[in-house]
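Student: Starting from the known structure of chain Y, arrange chain U on it as the hints suggest.
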Amino acid sequence: MKTNDVIIQFTAKIVFFIIFFFSIHIFLAGHYTPGGGFVGGLLTSSAIVLLVLAFDLNTVRNVLPINYTYLTATGLLLALATAAFPMFLGKPFFTHFFDYFDLPLLGKQSLHTAMLFDSGVYLVVVGVTMTIIQTIGEDE
Amino acid sequence: MVEKVLLIALALFSISIALSLYRVIKGPSMPDRAIALDTIGINLLSAIAIVSIVLKTKAYLEAILILGILAFIGTIAFTKYIERGVIVERKSND
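Chains as they are written, first to last, in the numbering used here: chain Y, 48 to 187; chain U, 30 to 123.
The shape of chain Y in the complex, shown without the other chains (with noise of 0.2 Å):
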C-alpha cells in the first residue's frame, strides 16, 4: 500500500523548530523561571519524536547524526566535571562559581556554572529518552 503523508510531514518540519527553541528557551530560562534541564530535555526529544513519527527512523538517522549513547555518557562527563572541578582549587565538591560579564549584545549578564552542570542533564536525558525510543522502534 503506498502511503502519502505530505501534511503531516510538512507540519513537522515547522512544528520540529517550534518546539525545539521552545525547549532551549524553557532550558536558558530555568534559573529564574519554570524549567530547566530536565524538561528542556524532553522537548528537546519530543522534537526529535515527532520527526520520527511523521518520517521514520532511518531518515532521521540520516538528518540527525547522532549515537545517543555517546551523548548520554558525554553528558555525565559533563556533570561530573562541574561538580568535581571545584576540588582541585580547594573548595568543597559541588561548588559553584557565578560573575558578572559584559558580553556582545547581550550586555551584563550573570553567567554561573550550575549552567554548565544542568547542559550535562539535558544531554543525559535527551541521549536515555532517545535511546529507549530508538531501541523501542527498531525491534521486530
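The set of hints was computed from the structure by calculation and includes no laboratory data.
Mixed in with the good hints, there may be bad ones.
Some but not every residue of chain Y turned toward chain U, in silico, with C-beta under 7 Å [to be verified]: (1) 93; (2) 98; (3) 100.
Derived BS3-like pairs: lysine-lysine, alpha-carbon spacing no greater than 30 Å straight-line [to be verified]: (4) Y/155 x U/87; (5) U/33 x U/85; (6) Y/138 x Y/155; (7) U/85 x Y/60; (8) U/109 x U/120; (9) U/55 x U/109; (10) Y/60 x U/33; (11) U/33 x U/87.
Derived coverage of chain U by chain Y (criterion: at least 3 residues anywhere in the stretch with Cβ under 8 Å from a Cβ of chain Y; other residues may be distant) [stated by the list, open to error]: (12) 89-100; (13) 103-116.
Just so it is clear, the structure is predicted and the values come from calculations on it, not from any experiment.
Quick reminder that beta carbons are idealized off the backbone N, C-alpha and C, glycines included.
Tutor: Positioned in the frame of chain Y, the structure of chain U alone reads:
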C-alpha cells in the same frame, strides 16, 4: 465579578472534560476515543490558563505550551497506530 466569571468558565470547562470523558469510555470506535482524548487535552490547557489568571501568576504559561505540544504529539502517535498498526517505522515504504 471577574472572579465569578472565571469560576463559571472553569466549571464549564470541567463539564466539557466530563462529557469528553464519557466519549472516551463509551466511544464505539478507536478514532472517537483518540479525538476525545485530544479534546480533553485542549480543555485542560484552557483550564490551566484560567487557573493561572485566578492565582495571578505567570508560572503556568510554560505548562500550557508544553501541554499543547504533548497533546499534539500524542494524537499523532494514536492516529498513526490506528491507521498503520505501528508507531515508529524503521523504513518508509515508498
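Student: So, for every hint listed, does it hold in this structure?
Tutor: Hint by hint, here is what the structure shows:
no.: 1; hint: 93; in the structure: holds, 6 Å
no.: 2; hint: 98; in the structure: violated, 11 Å
no.: 3; hint: 100; in the structure: holds, 5 Å
no.: 4; hint: Y/155 x U/87; in the structure: holds, 25 Å
no.: 5; hint: U/33 x U/85; in the structure: holds, 15 Å
no.: 6; hint: Y/138 x Y/155; in the structure: holds, 27 Å
no.: 7; hint: U/85 x Y/60; in the structure: violated, 36 Å
no.: 8; hint: U/109 x U/120; in the structure: holds, 15 Å
no.: 9; hint: U/55 x U/109; in the structure: holds, 22 Å
no.: 10; hint: Y/60 x U/33; in the structure: violated, 42 Å
no.: 11; hint: U/33 x U/87; in the structure: holds, 20 Å
no.: 12; hint: 89-100; in the structure: holds (count 6)
no.: 13; hint: 103-116; in the structure: holds (count 5)
In this structure, the hints that do not hold are numbers 2, 7, 10, in rising order.
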